[in-house]
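Undergrad: Chains as they are written, first to last, in the numbering used here: chain A, 449 to 865; chain B, 449 to 865.
It should be emphasised that the hints constitute simulated quantities derived from the structure, not laboratory data. Be a bit skeptical, because a hint or two may be false.
Since the list gives no way to pick one copy over another, a pair counts as held whenever it fits inside one copy or between any two copies.
List of simulated lysine-lysine pairs, DSS-like, C-alpha gap at most 27 Å [as the list claims (entries may be wrong)]: (1) K557 with K693; (2) K728 with K474; (3) K750 with K610; (4) K545 with K557; (5) K545 with K764; (6) K656 with K642; (7) K610 with K642; (8) K501 with K524; (9) K545 with K693; (10) K471 with K487; (11) K479 with K557.
Number of protein chains: 2
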Amino acid sequence: MNIAEEIALIGKRARVASYQLRKISKDVKNKALLNVAEKILAHTEWIIRENRKDLENAKTQGQTSAFIDRLELNPKRIKEMAESVRVVASLPDPIGKIEDQYIHPNGLKIARIRQPIGVVGIIYESRPNVTIDAASLCLKSSNACILRGGSEAIHSNIALAKIFSDAVTEVGVPENSLQIISTTDRSAVGEMLKLDQYIDVIIPRGGKGLISRIYEESHIPVVAHLDGVCHTYLHADAELDMSLKIVMNAKLQRPGVCNAMETLLVHEASAPILLPPIAKALIEGGCELRGCPRTQMLIECKPATEEDWFTEYLDKILSIKIVGSLDEAIQHINYYGSHHSDAIVTNDYSAAERFLDEVDSATVYVNASTRFTDGYEFGMGAEIGISTNKLHWRGPMALEGLTTFKFIIRGNGQIRQ
Amino acid sequence: MNIAEEIALIGKRARVASYQLRKISKDVKNKALLNVAEKILAHTEWIIRENRKDLENAKTQGQTSAFIDRLELNPKRIKEMAESVRVVASLPDPIGKIEDQYIHPNGLKIARIRQPIGVVGIIYESRPNVTIDAASLCLKSSNACILRGGSEAIHSNIALAKIFSDAVTEVGVPENSLQIISTTDRSAVGEMLKLDQYIDVIIPRGGKGLISRIYEESHIPVVAHLDGVCHTYLHADAELDMSLKIVMNAKLQRPGVCNAMETLLVHEASAPILLPPIAKALIEGGCELRGCPRTQMLIECKPATEEDWFTEYLDKILSIKIVGSLDEAIQHINYYGSHHSDAIVTNDYSAAERFLDEVDSATVYVNASTRFTDGYEFGMGAEIGISTNKLHWRGPMALEGLTTFKFIIRGNGQIRQ
């Protein structure tokens, strides 16, 4: 079998499994997830042994320590992984939820109810815990899933997928509900993206290059987040204490992630008071600052170019702009931003409400750090990704985002006039 | 200006209008829609005069009478068009609806609320009432829209769009909330499909050729229905009276539409009783029958080929298959069908429930004709289309399907630990 045939077979098996999955009960799904948690803990040593192979390859290839850190599984992380599966098991089942129900004047009983999507394909890089998160969320939402992890984590991913599969089939979940693509051949992704007859949605998690390529190539609908150019706007009345705390957290608590702030907007009335101490703290935190001309007159920084306002640095770099009004701030965010996560700091009621109403982003904050945009933080148990699409799902996505619905209509002989 | 520049300008204006539209109140939207209804009635004569130009072109081109019938606007149809705008005005406003709201243990107040998608592009053929339906639904859901109707209805569409635009701007709706592409140059559609920065979703309505082309070419997400291979399954216990009534309605009441039945499945236990009288009635109704080998032994019909089971005839042709079990019927529908609308006729409770659960279609019926799959029939006031996509929306789509949501988070200084 060549790669195209192999991937097509995986797709076909997933489709079959997806129809079988519709018939298993909530109890079986939850029992299966609890068994996964148990088996993950029981196999801690084996997981660490397999993970070590990936870590050694990464070191041989001279990967950065940040990369190696993301890749590493230790007893603490394995315990957390098992715990997150237990959380998913404890969440309400999303399937069968009635969204709407009414009786038509002609007597037809019309209901719209939540259903699994069918087959979910997940393409991801480095962090092996995605294997378990994605598989758990797909099982809980009665979807079959096909996982394609990065080659850098192949041993860890195969081990985790095997533990998951064995644990769930043991209690009656259909075989092939979870399948992992074990070849590291790069053409496998391209083959996967052709299988629109077997895969209903592709969810990519990873760098911009991976995601752009998938959008370009896929014959299957894609739900993905492409960019996280997130803003914090300090309004005219913003207080220094809260502004400083939120800015430092949004920019520096973890600069390499999509919900970290990339651009700081400051109202001209508060800029002279707020910017100097905030700039000082950011620079002490190792952050490079790039400012608009007015910013450059208040603090020491490099000039920001037009390009900067569009840029997701994913690093200790921040662009800063002084704006004349709330309107200018909102327009800047809607024009330059990526509609991911944006925050205002203010105690002005109508400014806060206008910001919430008019900023066209997946998540909009008042007086909090954009770093909260995350399925776990939002109480979803885990997340399958964060969508910057406007269709299907927007923002952190977990169980409900992994469902579709259908209309069911019960009649007693009605025909159309 | 060349066509590419012209279409891009329309896109840019729509994006600007979409941000202005977010700020207008429900009252203004409803007042605008009621004004549209009034103005449509007041301009009946002018609409008919413009429509006559299209009708004359169609006759010159030798179009079929069915085509000319779809194109024609008369006082009755114009009155219905105005009435449907009034219905849309009377529906609940979809924007701002809270889908979910909770307080995180850290005090963040997290809510998920319905929002307009932004800019909706609609590409459609022949029937000019789509101009008014689409524009009304988009305005009610606070979306800017760009309409591209077929060249065969260009005079009617431009007249209707002008009446709509004038009527809504008169009461304060932003200009360019509705724009119509007035060139009939075929390259305009291609240019529209490139504008992913200005258009958020493309909704095509028309033949399979149009829709396949749009899926192929579009850089913008598409919500569309591609095929309507709909089934009716007569279970082992199905009664002749109800079966006959539902089959005749689903196949012959209007054979050229997507929710008409294309394949009839009959359980082997009831086939000898049901098939002969049903076949007789269908043949008397002018329907050609194509049957599986077992069907051919019971009634006079042509042999059905493998291709027939996949075919949407949109005509007075029906393929018929005898199945050995409910399972075989469900498998046939899931494999050969287009996941649009499928019905079972039975009085067997568990067969009905299994059919509703296991048939993977947008709309699934017990004891009713598939012809009901329609936004108006489902109580949505009108429809923007019927989606066979599984993502974003499934089945008849109207106001709620024209929204997305965003998360709004109110804090008092929370930062991520």
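Undergrad: Tell me the hint numbers this structure goes against, listed in increasing order.
TA: 2, 3, 5, 9, 11
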